[in-house]
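Protein chains in written order, with this note's numbering: chain A, 2 to 337; chain B, 198 to 575.
Derived by calculation from the structure, the hints in this document are not laboratory data.
Any given hint could be a false lead.
Facing chain B, from chain A, some residues (calculated, C-beta under 7 Å) [claimed, not checked]:
(1) Ala43
(2) Leu47
(3) Pro48
(4) Asp50
(5) Lys77
(6) Pro80
(7) Leu81
(8) Thr82
(9) Ala83
(10) Leu112
(11) Leu204
(12) Lys205
(13) Asn312
(14) Leu315
Bear in mind the structure is a predicted one, so any value in this text is a computation, not a measurement.
Beta carbons: idealized from backbone N, C-alpha and C, even for Gly.
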Amino acid sequence: MMKRLLIAASFAACVTTGASAGVLDTIKQKGFLSCGSNTGLAGFGLPDDKGVWTGLDVEFCRAIAAAIFNDPTKVKFIPLTAKDRFTALQSGEVDVLARNGTWTQSREAELGLHFGGVNYYDGQGFMTRKKNNISSALELNGASICVQQGTTTELNMADFFRTNNMKYEGIAFATADEAIKAYDTGRCDAFTTDVSQLYSEKLKLVNPDDTIVLPEVISKEPLAPAVRQGDSQWFNIVRWTHYAMLNAEEMGVTKANVDEKMKSQTPEVRRLLGVEGDFGKGLGLTKDWAYRIVKHVGNYGESFDRNVGENSKLKIKRGQNNLWSKGGLQYAPPVR
Amino acid sequence: MDQRPSPVFLRTTSSPVLPPPVFAGGPVKWVRENMLAGPGSALFTVAGLLFILWVTPGLVRYLLIDAVWSSPDGAACRAPGAGACWSFIARKLDFFLYASYPREMVWRVNLCMAMGGVLAVWLLWPGAARKGLGALLFFIAYPVASLLLLHGSDALGLPKAPTDLWGGMFLSMIVATVGIVFSLPGGVLLALGRRSRLPVVRFFATLFIEFVRGVPFITVLFMANTMLPLFVPANWSPDRLVRPLVGVTLFASAYMAEIVRAGLQAIPKGQSEGAMALGLSHWGMMRLIILPQALTVVIPGIVGIFIGLFKDTTLVAVVGIPDFLRTVETARLDPAWAGPTISATGYIFAGLFYWVFCFGMSRYSLMMERRLSAGRKR
Numbered sequence: 002m003m004k005r006l007l008i009a010a011s012f013a014a015c016v017t018t019g020a021s022a023g024v025l026d027t028i029k030q031k032g033f034l035s036c037g038s039n040t041g042l043a044g045f046g047l048p049d050d051k052g053v054w055t056g057l058d059v060e061f062c063r064a065i066a067a068a069i070f071n072d073p074t075k076v077k078f079i080p081l082t083a084k085d086r087f088t089a090l091q092s093g094e095v096d097v098l099a100r101n102g103t104w105t106q107s108r109e110a111e112l113g114l115h116f117g118g119v120n121y122y123d124g125q126g127f128m129t130r131k132k133n134n135i136s137s138a139l140e141l142n143g144a145s146i147c148v149q150q151g152t153t154t155e156l157n158m159a160d161f162f163r164t165n166n167m168k169y170e171g172i173a174f175a176t177a178d179e180a181i182k183a184y185d186t187g188r189c190d191a192f193t194t195d196v197s198q199l200y201s202e203k204l205k206l207v208n209p210d211d212t213i214v215l216p217e218v219i220s221k222e223p224l225a226p227a228v229r230q231g232d233s234q235w236f237n238i239v240r241w242t243h244y245a246m247l248n249a250e251e252m253g254v255t256k257a258n259v260d261e262k263m264k265s266q267t268p269e270v271r272r273l274l275g276v277e278g279d280f281g282k283g284l285g286l287t288k289d290w291a292y293r294i295v296k297h298v299g300n301y302g303e304s305f306d307r308n309v310g311e312n313s314k315l316k317i318k319r320g321q322n323n324l325w326s327k328g329g330l331q332y333a334p335p336v337r
Numbered sequence: 198m199d200q201r202p203s204p205v206f207l208r209t210t211s212s213p214v215l216p217p218p219v220f221a222g223g224p225v226k227w228v229r230e231n232m233l234a235g236p237g238s239a240l241f242t243v244a245g246l247l248f249i250l251w252v253t254p255g256l257v258r259y260l261l262i263d264a265v266w267s268s269p270d271g272a273a274c275r276a277p278g279a280g281a282c283w284s285f286i287a288r289k290l291d292f293f294l295y296a297s298y299p300r301e302m303v304w305r306v307n308l309c310m311a312m313g314g315v316l317a318v319w320l321l322w323p324g325a326a327r328k329g330l331g332a333l334l335f336f337i338a339y340p341v342a343s344l345l346l347l348h349g350s351d352a353l354g355l356p357k358a359p360t361d362l363w364g365g366m367f368l369s370m371i372v373a374t375v376g377i378v379f380s381l382p383g384g385v386l387l388a389l390g391r392r393s394r395l396p397v398v399r400f401f402a403t404l405f406i407e408f409v410r411g412v413p414f415i416t417v418l419f420m421a422n423t424m425l426p427l428f429v430p431a432n433w434s435p436d437r438l439v440r441p442l443v444g445v446t447l448f449a450s451a452y453m454a455e456i457v458r459a460g461l462q463a464i465p466k467g468q469s470e471g472a473m474a475l476g477l478s479h480w481g482m483m484r485l486i487i488l489p490q491a492l493t494v495v496i497p498g499i500v501g502i503f504i505g506l507f508k509d510t511t512l513v514a515v516v517g518i519p520d521f522l523r524t525v526e527t528a529r530l531d532p533a534w535a536g537p538t539i540s541a542t543g544y545i546f547a548g549l550f551y552w553v554f555c556f557g558m559s560r561y562s563l564m565m566e567r568r569l570s571a572g573r574k575r
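So that you can see chain B by itself, here it is in the shape it has in the complex (with noise of 0.2 Å):
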């Protein structure tokens, strides 16, 4: 090897590495970039943390400080300068979940919640083994199993309670389950009758689709509530809990149908093409090729239609059904609790139980997303 000094000068080690300056990384970069990115938004950003300023102080004492955490009725809650009355909320806490479900069997509604859950989680778990079976259950069996359960039986040994004593939470859950679980094959199927080469199949799909969608969602509760005992002869009269059911269904196929619809035609053409010179029936086409990815396309709307829908499960109180909301309503009227601050009380809690869930459905669907586009990433 050649011993000779270089006549060029080499550095044979690299320079330390340094760390970024301050200002390109770190928590300070972020603020940069997010908050103080120019005039505009250095000025929205100080107006933000004034509003958090004013706004906090006032609302920690409203809701933890001044709050009142236990008396037996609205006494304490009334007492001058009183915050949120968060014993109206624990004593009536019973009342909220079951309504007049009878209190000796509501060990049936909770045995029923839990269920639902933990078919729900099985189901929406990414990595849960044997999810065909989860679905069978979740979809053949729970309502049965459910309707059994809440409903009583005789065969069963089980008292009956008619559907006139449900109410509170689980009936929110109800409404809301029963229509997200009918509302997306109604929607596919209704999206695909509407693109269906059949003029027959298509005007009705049509027909349907518009006819729901071009009137307000109390309208079609109403319609459902008075006009579904019509129809049918006077002795089969639907229960009063079915006729909204069958409407909040009606309302969120429609909705569903056209989302559904836009994410079959942003499958490209090529992919239904490919399946028929597969030879795919089809059924087989839309099942296996179509569909897993129209769906996947759309899942932020279809998780948008279920989150409206969700909130939406308040209005069949406007037909007498006393979901969770209503029971909130009615609570508050309790003399023995009527005061100044137990309206809010109510509603703050009514508010926070809606967010909890439709936040969660909106987080789930967000992972759900970033998993399933993970392959598509451009």
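The shape of chain A in the complex, shown without the other chains (with noise of 0.2 Å):
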């Protein structure tokens, strides 16, 4: 009994240092990488009608765990929900959870993590009908907008019309579901959550295509994987996950063409497959890691397009996701 108590206290106490040392290592050898996933929502995490994950947080973690096995699919995904998604991750039962969560000041100084790349600059926008003849969230003056009770929606939109001294009716329902079929009635003129939110409820209204999302986004959520402090190898591995998929789509190295794109002559492309030097090995992967990653789940905008861009039922515009060089957000430091 004494024996279990301490052994529980000092787990207890590694839990809240941080993590045991080498995540690289405990996933080698368990082989497979365990990621925090989203219990579902359209285009970052669903189950398909396989039961096989699928959207862009998903395909993070397979391109982590090709960059690692050279193998997508060994991953497994752990569903968590808003509750226990921190605990998991405090706790070692996942090695990164890739679920649209906003990287904060307070989530990475107080809970003990770290966010590694942003991949998907969210923040809250409002769609309106096309009838009401709105191309800006700043013509919204004196209409009636839907939105969800008790959450930061209500307080950012608060702020938003008051600083641009516009009226507003506000009308709070308990749920998404039941602000957007008040919407779909005409109960309001809008409807406003998160951007990548918007696209997916708009799914469910009887006219999608009369509606429209409008081009403010009126907050700051930057959605981004996280992992647990204390292990700055693992940390790099995630981060650069991300920009290897963003350095391949800036120099246009896509699943399709990667093999080809080995013969290239470009410095940056040869060292960023691993033709030139051995840029791996720092972050205790192979050379050809940001090969693996392309071949086997493509760069950042394949990712973007087929999860929740133009080639998804979602069709979310690039907009703050597009890449630095194309008016976006998307920034990678450079593989050197």
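Using the hints, build the complex out of the two chains.
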């Protein structure tokens, strides 16, 4: 009994101080990556008809697995609710939490987490009916707006309208389902929530094509995968998985042409794909780590289009998530 | 024999039997007694009929006439005026049944469920032969066999299917079955412990029961999920599915204990005194005299707990276990299907599933009650 208690206590201490050393070694040893995923969010993490996980966050985990094992299927997805997601990460139950979590100061500082590359810049937006002839959220003066109760969404909206000296009538509902239904039946002129959510809620409307998402984004919700503090190598792997996908997109390396690009003479491409130099070594990976990611999963743009963008049902515009060179925020440091 | 006419009139044949007045029998009587017994009752009957008339056409239209029975994706269900989208259920049925369980291995789930069904019928069928053997198979052989089947085993050449892939209806059934199978013996032990003459046993049994009954089920689940791994060495950390199963069992056992205790207290003292006078040991007395009577008395309560437990299995979703209801919730988010009627259809289907099982359990318990109490009717 005493021994058990001691073990439990030391384990608890271990949990609070951070990870046991060498997450990468543990993963290699057990043979798969444990990825904390959403219990279900269209476009980000959702099982398909066959129960196979799909989505932007899901592919991020597959990319990490591809970099480590050269096999994107060596991932165990553990669906986590908003309540137990951080506990699961802290207790070591999952190696990485790719669950559309917003990167905030308090989460990083107080919960002992590190947020890796932002794989989706989200933020609160509005949608309204096309027939209202509104092209900007700044024209919503006097509108009635459906919103989900008790969320920061409500507060952000109040701030936005106050700063812009506009009036609005907020109609709050307990769930997003009720709010969207009310919008659909014409009780409000607009509906507000995070942009990624707007697109999937829009699909529940009777006539989704009669509604547009306004371009303004009024809050910052950088969604990023998180890891425990205390293992910089593992943190680097997670972060650089995202950067590798971004760099690949920037250089035009795709899932389809990656083998061809191995013969490329461009030094950046050669370094990224491991033809020149050994940049995987510092991460504890092989030198073709980025090649594996692109080969099995694709570059960031491909993953985006497939899951949430033009080639998906959601049809979210790249917007802030475009490459920096195309007016977005996605910027990756060079592999050098 | 005296042939003189009788001085008094004696009727020798009985008068013809007349049918009872129309109001005193048959459906008319039933209606009069049950639906029109007084002005209040009549008012309720009329109101009820009006309500049914008001609701039925809409329901029938939504569920049957306007419903979409086949369509490759959500487009047809989106049409204005479309009712329930049954093609969504048909398309997602596999997902509801097995969630992420590898499709090439679902025969193992099916086999497992079929075995469970056969054994359950064997045990529950009132006149079935050799129930002892059935119980042995169900409680000992079946759990081992299903674990090997579902989880896979290298020795048997069955590829592994780790529990993170389990989900859907079959997982709901597993959670409910485990809860039901373990909570009854656990509850009996706890109830006996609480009535024990040994103070330590009594204290701990009471402490456990009151503690678990004093907190909500969700709390027990969260505790099992986050604290169980802390009580054992890190590398033994129990499987994510085992933790809620432990939570469900603890919770149901505590409630079961109180029901069983109620049954124990309902048995007159003379029964145990008689058993002792016959020289039975404590356990012999319990097994042969007290428990059979006590459990019979509380069958409605026990079944009530089973029904509650079956529905409570949906709560395991809060610790990230994709039970049946969770798969419905997930499926309705699929962008290929999302539409105004999808959520309603999904929830109607889920409601039907739970209703069929709970109603079945409730009817079965009524039947057993009638059979078992037949000898004690006063």
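Taking the hints in turn, this is what the structure says about them:
1. Ala43: 5 Å, holds
2. Leu47: 6 Å, holds
3. Pro48: With a minimum Cβ separation of about 6 Å from chain B (threshold 7 Å), the hint on Pro48 of chain A holds.
4. Asp50: Status holds, d = 6 Å.
5. Lys77: 5 Å, holds
6. Pro80: This hint holds: Pro80 of chain A lies near chain B, its Cβ roughly 5 Å from the closest one there, short of 7 Å.
7. Leu81: 5 Å, holds
8. Thr82: 6 Å, holds
9. Ala83: 10 Å, violated
10. Leu112: Hint violated; Leu112 of chain A Cβ to chain B Cβ min 15 Å, cut 7 Å.
11. Leu204: It holds, given that the least Cβ distance between Leu204 of chain A and chain B is near 4 Å, below 7 Å.
12. Lys205: 5 Å, holds
13. Asn312: 12 Å, violated
14. Leu315: 6 Å, holds
In summary, the structure is inconsistent with hints 9, 10 and 13 from the numbered list given earlier, while agreeing with the others.
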